[in-house]
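Protein chains in written order, with our numbering: chain A, 153 to 529; chain B, 153 to 529; chain C, 28 to 426; chain D, 28 to 426.
It should be emphasised that the hints constitute simulated quantities derived from the structure, not laboratory data. Hints are supplied without guarantee of correctness; some may be wrong.
[Claimed, not checked] Using 30 Å as the maximum straight-line C-alpha spacing, the simulated DSBU-like pairs for lysine-lysine come out as follows: (1) D:K138 with D:K260; (2) C:K260 with C:K60; (3) C:K283 with C:K260; (4) C:K290 with A:K305; (5) B:K305 with D:K248; (6) C:K168 with A:K416; (7) C:K260 with C:K168; (8) A:K416 with B:K419; (9) D:K266 with D:K248; (10) C:K384 with A:K305.
As a plain string of letters, each chain reads:
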Amino acid sequence: MDFTFTDEQQLLADTVQRFVREHYSFETRREIAASEHGWSPALWQELANLGLTALNVPQEHGGLGAGPVETMLVMNAFGEALLLEPYLEAAVLAPALLQALGDAKVASELLPAIASGERIVIVAHQEPQTRGELNMVTTRAEKNGDGYVLQGKKSVIMHASAAHEFLLTARTSGKATDAAGVRVFRVPSDAAGLTINSYRTLDGRRAADLELDRVRLPSESLIGADSDTLAALETAHHISLSALCAEAVGIMKAVNAATIEYTKNRKQFGQPLSRFQVLQHRMVDMFIHAEQALSMSYLAAIKCQDPDINERRRALSAAKVVIGRAGRFIGQQAIQLHGGMGMTDELIVSHYFKRLTAIELTWGDTDFHLQQFAGLG
Amino acid sequence: MDFTFTDEQQLLADTVQRFVREHYSFETRREIAASEHGWSPALWQELANLGLTALNVPQEHGGLGAGPVETMLVMNAFGEALLLEPYLEAAVLAPALLQALGDAKVASELLPAIASGERIVIVAHQEPQTRGELNMVTTRAEKNGDGYVLQGKKSVIMHASAAHEFLLTARTSGKATDAAGVRVFRVPSDAAGLTINSYRTLDGRRAADLELDRVRLPSESLIGADSDTLAALETAHHISLSALCAEAVGIMKAVNAATIEYTKNRKQFGQPLSRFQVLQHRMVDMFIHAEQALSMSYLAAIKCQDPDINERRRALSAAKVVIGRAGRFIGQQAIQLHGGMGMTDELIVSHYFKRLTAIELTWGDTDFHLQQFAGLG
Amino acid sequence: MDLNYTPEQLAFREEVREFLREHLPADISERVKAGLGVRAEDYRRWQRILFERGWGAPTWPKEFGGTGWDPVRVHIFEEELALAGAPKPVPFGLRMVGPVIIEFGTPEQQKRFLPRILRGEDWWCQGYSEPGAGSDLASLKTRAERHGDHYIVNGQKTWNTSGHYANWIFCLVRTDPNAPKPQQGISFLLIDMSTPGITVRPIRTLDGAHEVNEVWFENVKVPVENRIGEENKGWTYAKFLLSHERTSIAGIGSSKRELQRLKSIARQEMKNGRPLLEDPLFAARVAQVEIDLMALEITALRALAAAAENRAPGPEASILKIKGTEIQQTLSELLMHAVGQYALPFERHSPEENDFKSVAGPEYAAPLAGTYCNLRKVTIYGGSNEIQRNIIAQTILGL
Amino acid sequence: MDLNYTPEQLAFREEVREFLREHLPADISERVKAGLGVRAEDYRRWQRILFERGWGAPTWPKEFGGTGWDPVRVHIFEEELALAGAPKPVPFGLRMVGPVIIEFGTPEQQKRFLPRILRGEDWWCQGYSEPGAGSDLASLKTRAERHGDHYIVNGQKTWNTSGHYANWIFCLVRTDPNAPKPQQGISFLLIDMSTPGITVRPIRTLDGAHEVNEVWFENVKVPVENRIGEENKGWTYAKFLLSHERTSIAGIGSSKRELQRLKSIARQEMKNGRPLLEDPLFAARVAQVEIDLMALEITALRALAAAAENRAPGPEASILKIKGTEIQQTLSELLMHAVGQYALPFERHSPEENDFKSVAGPEYAAPLAGTYCNLRKVTIYGGSNEIQRNIIAQTILGL
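Produce the complete structure using the sequences and hints provided.
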């Protein structure tokens, strides 16, 4: 039992934290958010130079082959900075899925380009009536001559407009919720018949709905044909959920510090807000929530690759529940304690609040994971 | 729209409150609780002399024919006093059921004796796996020659040991949860084959489990044969739920007053507990809970005889939910704010807490009624 | 005890309903029901319609053009308007400065200002809060120096709602900086927003909307005749205005409308192939807020009944702000969660910028996250809920 | 980072498990698992068994007969004992006065008292709280006047747990009533309960149990050699004792055991003809407390790891009391609700009076309401949870 980090891990954490503090101020972030793409390819290249895009790529494919703990430390810092770049999607989820699918040919083609930061690959899985369930796929891939024709819709795919290509799920057989029949296809973002309806999101990012209208793909687009695709999707999502939790933990820590700071400086009725016992206890509860969330983020990082699937599901759903509730409480109370100032776009606190809100709604909300957990016995 | 009481109602409320304050001190109550029967037949006679046992009996049967509002006012005062006598069971539920069943012969035989306080009639309906559902009856009544033979078990029947006779439910047909087939039988408390296993309850009262082993009854024991028995049971329970809510409201008001008083007098770190903002806001929340409970108790009293069954069910289940949550919060926090003193048997606050706990568990707990309400759309 | 309205009250309700059916513009109510917010011009349009019906000021006495209704009628009126999707009245003229002018204004002030409020010709805004003051109004710093028959006003106000639409502002200003207590030495001024020296700067809020402003005063000349009541007695008028709280603060009518919307959306959204409203956990959450709202409605009616009998408002009145705002926030949270990931697509949220076109997902999803964000304010403004609890602790519980 | 135990730690756990399988008396563990409480004689019996194994004092250094274990081993030991249904150790000797004697006692005191604690021969109790003092210990009034080589003690202590079993009491007494600060002028005395002038009066608690007492001192003669450390410096030793908080305060092992019991009962109880554990709302409540407990366990392990490395205990340690006790109360509440009306049958709840016979309903139902009532204490004692929040606010958040 050990909660310390190796020297390398600590160095990584320090490096990333220093980098974002120096290069990703709130003002810089505001400019990036307002820019055309809503994220900065130049900054992405700097992340690549730091080796961060290579973190989750195995060494044999030019990556660093690091694990969930390293990813956790990076995401903590990205949480504090409210990084807008598609790190979670393109540098965690996509390489995790490629590895889990075990398609050696595609992996050796894509992973090096992901590691170097050249290629943005985005997983497009979620559909309009998905609430977290991975098996809910209605997009269809019909065999057509030598290839496939895809028809369907993908919903709120984060950073879709940044993608060079998608790893897109579609059914070659079965009904909407069947476990079997789900397959992953490589779909170039400029494929004929693919419409990308892009928009801003609550947390200042970009997402898109994808419309697939008779998108024709060659047969080699279907990847990981030998794998249990749904299991691979779940593996990749567990790794990514752990990273998402770590991002939330980074935010919570920053929000709590900002709130304490604010209440110490802000006076009302002749004394700092921080002297009012009710607000003190509120901040204690925010602190306790954040500590419990941190604990569960550790658990998520440690368990997200556990071979025991039940153990993994329990840990990840439990973590998402704790982090969802903690993020909601902390976000709401941070606004409340900042008073009117918390309502403005000017302070970072409202942006933290919105990102925490978005995180709770991502990949199944708190009730969804509570029910998943209950269903595991 | 009117939330005032008539002069008669106000007089009744004042009279009962004065009566219990003068005749039902905490010390008196303690003696009664420790006595053999756990309630006082002498005091019961005084309640009868005040006309209170006649309150819910129609005038044609020697009663006062008052309504739920009068009952509410009486139960408010009984709540404050933590009255141990079987008023709710014998003077509210039993006459309500007899009227709802509409069996004129039995009504004219029993109701005058209930009104005068001579006869304690107890409804025995609940069974071991009941959680509030009225249709759950497994006790069977088999036709046998001219009469019936009853076999089964009744569970946690409050004040059963006080009963002269029971209005006991049993099935003449159907499965455990069928709506049809439930019937009410008059069962003398000394019936052969009836075992009354009596015990103390959490709230210092007495209850019993009834074991019916081939209890033979004459055919006229089945009462209200022409009525929809389950509907009659529901009607009676709605009226009684309203009374139970009013009792809880009386308790909450008293608990809150006691807690405010205690924190004003008790000093810690050089100042009264009541000066600590966290405790102040806690007491504000207790107050708000009590006011919301009072509002719902009004609604319950006004709606508990509403001809629209859906409206009635909504109102009563909603009231039970609000009162259950309020009672739990207020009871728990009252103990917490009384500190060690709240844990002792010596102060009335712990007795209030236990009665509020028992009320929440009576006739379906908070979750049960929340689900009932949700099921009504 | 009786929860039913009298036949006269029922007839009145029917009259209001009929009026709404005939006169509430569908384009306005559709926007309100969809949560898109109300445009400034629509507020004015609706106020003119109400004025023409004689219902421009439901809470004012008849002699000033009001309806002279008792509190129950006002409640019925407000509830019906909310349920039908009429805009909430802009409070600053009708509910705030109007009653102050009626109570403390000179006959000239009453003649000059009240009819223009009634007809929707003047749009008022509020100059109370200052940077760094928040709920602690008495610490305000904006100065007004007397020069003959004018005051010269210098300073800054903030959290000024809809000042970018308003042509008048009522302000608390400090006229005597040497007064022994901070509450003393404050005056209450009415200021024409077109006076030179006034600058209105938008504050963007977290939902991307422009609802509030900072207002800067630089040597702004205000005629002495625009002062309400006596010099240095402004705190009295300010308290009158603040204590003029009404049951409508609970927002029960609009919460009822939102509850119906929540149920309707949760019937359309699917979870595991069944309507979300049939999911036992979600259904329990909806039931809980519905029950809380039922309880609050009775509590509000109790307060109303007390007011109608001219009894002092009971303790129940002070609960309305706290529970009413908590329920509003819970409803907005459940609404947002009901649409799952489709709460995320998010564009600017100001009424002038919103329209029915959803950027993605079902149409009803578009404004939900914005409303959730926006409603964080309701537990902060009007005296934060923490301040409300302090008030109950002190004035009702005597702690 | 690694949540797994080392092979040595795993081997140790196996050793503990084997010991428990062989030596934990079944009649004791059945009582614990059924929630019936532990009888005084069983505590003594179990302490003797532990002592014979060399495990009488898991937290003491080896030279005083302890195990000398590091915090992780202590944790493993405690968790296994709790899961197996061993009695929680009576803390007053082993966890409270023992460490004080080890740290501040004279060699004579150490030789005289420590072995008897280890062997379970002495039962200690605590004389800290006084009527009207509660968590504010420094305001205590019990007087000890020096007369030659004795103190004469007069006064009253309350919330004295298990004083009716104890033969020794450790007391805070005021030796200098004129000290400038209330914390000064206090001394720490060890008093033989059989000394003339001591009266123990039971306090019945709301669950009907006799667990705590008032203790009266009337001219009680205490030899000066029974004083710990210096006269008037008792506050130092008291603080040491109070701050000797340990992760075991969270009660994670016993909460895990209770959670399993809750699930087992909820599988047997029926609701609408299906096991209660399949009721979606109840299942969600159980899941929520299980998840909270998981999170708390990691938080406790983090505190433990920090302690094992001799780093200062991290902020996580201070959370354990608050969340641990809240979880204990939630579990007891769910257990009570799980049996529905069968929570109501209720008899006296003291361990000496309880047995397996349920007055009505399933056997497991009998103690549940009593436990629910009894556990109200856990958020009050050991520094109420409000005090804990004050401590976190001041010492960790710096507010």
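Hints violated by the structure (numbers, ascending): Structure breaks hints 2, 3, 5.
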